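Visitor: Hints are included, so try docking the two chains, each in its own frame, into the full complex.
In order, the protein sequences belong to chains A and B.
Under the working numbering, think of the first position of the first sequence as 1, with each following residue one higher.
Under the working numbering, think of the first position of the second sequence as 1001, with each following residue one higher.
There could be a bad hint or two in this list.
What the hints assert, rightly or not - When the alpha-carbon atoms are kept at most 27 Å apart in a straight line, the in silico DSS-like pairs for lysine-lysine are as follows:
(1) B:K1169 x B:K1134
(2) A:K21 x B:K1723
(3) B:K1169 x B:K1133
(4) B:K1163 x B:K1134
(5) A:K21 x B:K1215
(6) B:K1215 x B:K1498
(7) B:K1581 x A:K21
(8) A:K21 x A:K8
(9) B:K1570 x B:K1581
Since the hints were made in silico from the structure, they are not lab data.
These numbers were taken from a predicted model, which means no experiment stands behind them.
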Amino acid sequence: MTRILLRKMKKNQTGTITAVKVGGELGRRVREMGLVPGTQVTIQGRAPLNDPVALRIMGGTLTLRNNEADFIEVEVENDTA
Amino acid sequence: MTPQYTIALAGNPNAGKTTLFNRLTGARQHVGNYPGVTVEKKEGLYQVDETTQANIVDLPGTYSLTAYSVEEVVARDYLIHEMPPAVINITDAANLERHLYLASQFMELGVPIVIALNMIDVARDRGITIDAKKLAELLTVPVIPISARSGEGVPELMLAAVKVAREQKVWQPLVLSYGDDIDEALLEMEALIRAGSFLADLYPPRWLALKYLEKDEQIISKGETTAAKTGAVELHQQLLTRTQWVSDHLMATMETYPEAMVADHRYGYIKSILRQGVISRVYDENRIYTSDRIDRVLTNRILGPLIMLLVLLGLYHFTFTYSELPVTWLGNFFDWLSGTVNHLFPDGPLKSLITSGIIAGVGGVLGFVPIIMFMFFGIAILEDSGYLARVAFMMDRIFRIFGLHGSSVMAYIISGGIAGGCAVPGVMATRTLRSPRERMATLLTAPFMNCGAKLPVLALLIGTFFTRNQAGFMFMLTLLSWIVALVVAKFLRLTVLKGEATPFVMELPPYRLPTFRGLAIHTWEKTWQYIRKAGTVILGASILLWASMTFPGLPQADRDVFEAQRQVIKSGQLIAIDQQKRLAVVDGAEAEQALLNSLAGRLGSGLESVSRLAGFDWRTNIALVGGFAAKEIIISTLGTAYSLGDVDPNSDDSLAQTLGASPNWDQVKALALILFIMFYSPCFVTVACIIREAGSWRWGVFSMIFNTTFAFLLATIVYQAGKGLGLTG
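Just chain B, same shape as in the assembly (with noise of 0.2 Å):
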């Protein structure tokens, strides 16, 4: 069966929209992109009565209808190309005033709505009556009091919009004054756009003259296309001179913007309206709530920031303690795939690709699971008890130095802010930035933390080369990374990410317990977005770094040498322990030999004489290009280099040993090492996410560049500088 109708949710952020949606859509719904941007799509079926089905789309939050933010356009967008035949605008019941500004942009522009009076429930307990019949007289159109999250009245409102969608009526748009500059202005505009049919297949003609009025960026750029094709040129500039004019006149003799002007009577219309006996309240409008006091404890002065430390910390404790287990069951699990692959296939490239190439990359796919999985559930939580908003609110003054915003803090400490955490998940974290660069800045400069696959490979140095006070070189470290972070941030900032700060303007929305139902499917939806999306990037290019670092192989009279020396081995009266180890030591060699002859090997020594500057040598270089599949790679692919054989990231000791007694290695050349592998380019999973949360390939390869470029400068200034104070060996 095909849905016969098409409804869909508008309303502002906090209106409890996404707790409607789940309610009526439940599991049947449908996550996708707004084609070129990143804002999500969901989709999902409604079942009205036995033969009736609708198709529920879920518009993006937003405050109104402007063109400032990604949110708006596609909002706005979506309502004028798909001319949906009704939209229920969901509104806090608790704090209508402010809600109905969205409704009554919605009338301007004769959108079918029905406005559903959401948490009445709450409405009722703090004592406010709403008249919904005579708010629905006055505002001719239909009013539902609903609770979304208990299901009271939500039939009844579907009902309604069925209702108005059968009955598909002409788009009404509303008419407002909005004083008389403006209105004789919107008159004759109106009659300029009439009389030349301007765009008058999208827009009703006087809704256009006002969105020239409140000078709107994209009305206006489609306005002056529109009419470069259709010769409606002298019309479009017109209309612009009309909008000077009014713009002048209202700041010569009002000091004020006409969009100033028409946002006023905009709420005078819906003060006018709530004033004739539509609210009534038994106490004061600002009365103080439970809400009001638990904020008067959570952003107090000296308890609030302890609060917050404490609660981050404790997500992070979350995140990364719970999902530990299912982790190493994760790679317990592929660990005996590959034993068990390598049991049945006999040696060869075939064998090598399913377990170092495909096992491996989807082994790394799918570990990061259950730690995307625990961290939104916990950033879930914070989010829909309205916590998130008070983070931001504490941490502004702090992060605005830097051009990012109070959100930025999350992403921060997920990334590895408090070592240990994961870009992966902290990129994605970033979505609940609503401010388009500050948002960009966090994602680029987060995966400068240190994460937790990077901390084994920093303890090795650590303690290999660093062994007095090892805790605190590690903090050290870790305040190093924040510094790095909030100071290229500024930089991106003041380059390519340039631009005013974007309004902090934001509401804290009253504490809300958050139901289990919601967090489930947004922790759900999270991740399988991830698994979705990264997966098939990521298992790509585990596929073709496997390949750049097996072949080409040796050639076959290299490998007769070695397998000459084996027999040699083998024949000689050697006991048993004596020659599995010599014979260990030739299997080293080959691997060596083999990894030098590979794409990677040839590339790493390629560079040696670019990296030497900074103190690396090709063994380094080749186990930094593993690094780029995961940053605890390089501990391995440093003891192949070596010819240590297989070498564990976590218990094997035997590469600390060689790098320590190595001549060629000292304190100088480990912290040069450190730093670069701090803050060179993200892993490939990482530089996915970056793809998919930025919106381009662009910023990936920039991340890749950049941060490697950087990490290389800084690098090479602490190895020369080691290096003239004669600090080398």
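Okay, chain A solo, but in the shape it has when bound (with noise of 0.2 Å):
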């Protein structure tokens, strides 16, 4: 198991969050829509110009900018690859 940030993460790579280092509107944004230690995500894609990405988190797919990805931690099963 390993830590990377949200942004690190490939294609239908899955991990849990385990931190969400941002306060303010943006932690607040992020938060709500479910993006909380424990949660489980999956990287769905990116759009076309690699930014934002795309992911399946508790069923539903978001979207945020990889700037603001830059503030979520995840844990990922070691990169065997």
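Guide: So this is what it looks like as structure tokens:
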């Protein structure tokens, strides 16, 4: 298990959120969408210009910009590839 | 009969709130605005049984009850001040965990809610079973599975809501634990608030303490003003100090924020309830569904943008091609009306007022109606189907550079990003943007696009002065309009609309087939709003503009001179055709004199000393003043100013010949004028819409002054540079 930033996750990779290190409006928006520690996320894909990123979470799809994903830490299975 | 109960509808965006509201109230709905903000307030009546009626209030869709967006403040203030006896919280059954986050905040406040598990049929198809009874027991609120689309469960939901409303229970806030540090602080702060009965008439004490800890700006500033008035300054300070202490403590020990702890624990509470056998699934939660398969194509790296381009082109064609026929009908009708009045009334100011002021004004307003209807129908399809969110997703990277949002692209294209649109529906289309600063920047810059009314004017000038490669030239102008709109948007975002980017975090809702009923209601609502709000302003402005181009009329002495000339021609020995031609020349000259003598004419010639810098003479100035009513009027006003009589903007080439042959005109002047027309003040229909959408007349005035100044600077630079290079004639 390794901790990485959400931005670094690859397509179709799954992980569990361990920390969301941002307050203020962004922090609140991120949390009200369900991005809180303990939640499982899977990268569904990225926009044509690589940003924003689309995530599967709690059975729905969310998008956020890469610079917003930078505040979210995720624990993922060790990358064996 | 007056409704006995008020029942509010609340829920996340995309939970199906509008569908339910339309099903409940049908056509019996009323759309207004919440005082002071541009958020829509929808109300409607629902017949519960023969003797019971309920007034349904549709609250804006929100994900939570913080105070960051206008929608949230409106929803929260409504709940706190109106205290509705029952609130239906609509949730998406297939996304229950996330949707219960809002429910948990209603319960913290003590709002009497009934939870509607909407789209239960979709959930069932996905192999999700929800034990509504168990969920109701655990949450201690009624839970009713429904499908707003098919109507399944809706009567039961309403019965449950009415039952709650009848009970008139005292609001019972839910007490949750948010971890030791916060719980401890909450207890102390709650005791302080109770002791001082601080804001006791409005908020439950524990909830108020929680909002202080969450650093809720609206509540804290309210606390500050109330404290100053009631002499509770010390109490307010104590609450802030305690909040700061918890905040510092959490940062030092766990590197987190109080509001984060609170949110985490709310989710913890929801998870703990759902874990007790409420939801059972046949498939994995993140299984791939049809909607995701569609997304693999529609947001594909290469196919996605291509399809998007086709869809936007399609919307554009749909709007402007199909609305053409009704627009022509309306145009013909108003021409006929004008003609009839022309016959019925004697010549004079009254006739002129009716034809040029009132009929032209009303015609101008109604002429946009078909365009607006078609455009909103098209947008409603894109929005309700979920595609609009994908457009924002794909375009965001580019628009973000300019301080805008992925959704800004729609407003630009409709306004004339593909030459020939219209800024009126474009400005109205910015409503789909939920980020306030990005939305303002979009609606202020959308009028820079080349709308359909500027096209004939630009075409005339290009056709006269830039005869080589006209299509290429037009394309360059379209490109230029995009560049200017984006750069100005960036400039606005760095100055008057300064501020961080609004968080983009957004849902990509599953694709859904829109319902015709939903589309029809949506389209009618927007169109009616336009007619009602814009109509009154525009009619007034049209009359004002007419008056300024008509009064004061020519002095009697001057009119006598023209009349004498006519008499000479009439009495002369000329064949009929020659006589008519000469009479037309005299009529034209009189019209030119009258225009020059009018208020607008005096303004035009008065401004000549300034406008010379950009190469505009008084004739051009008057035409540009006329263009404020509608850009295509520039041609007919120029025609009058060059004493050509009535010039038809579409077919008459006498103006082109006159301009082309005039020694006063050359390519540099024409280019300066083209640039000015592209970027100067929006027409007043657009200004009226900007005022309405921005929620303040100041933004309307701003767009008139700012755009005109900007356009004038640009035109001056081009003209002076051209002159300096010796390119002028």
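Visitor: Going through the numbered hints above, which ones does this structure break? Give me the numbers in ascending order.
Guide: Violated: hints 2 and 7.
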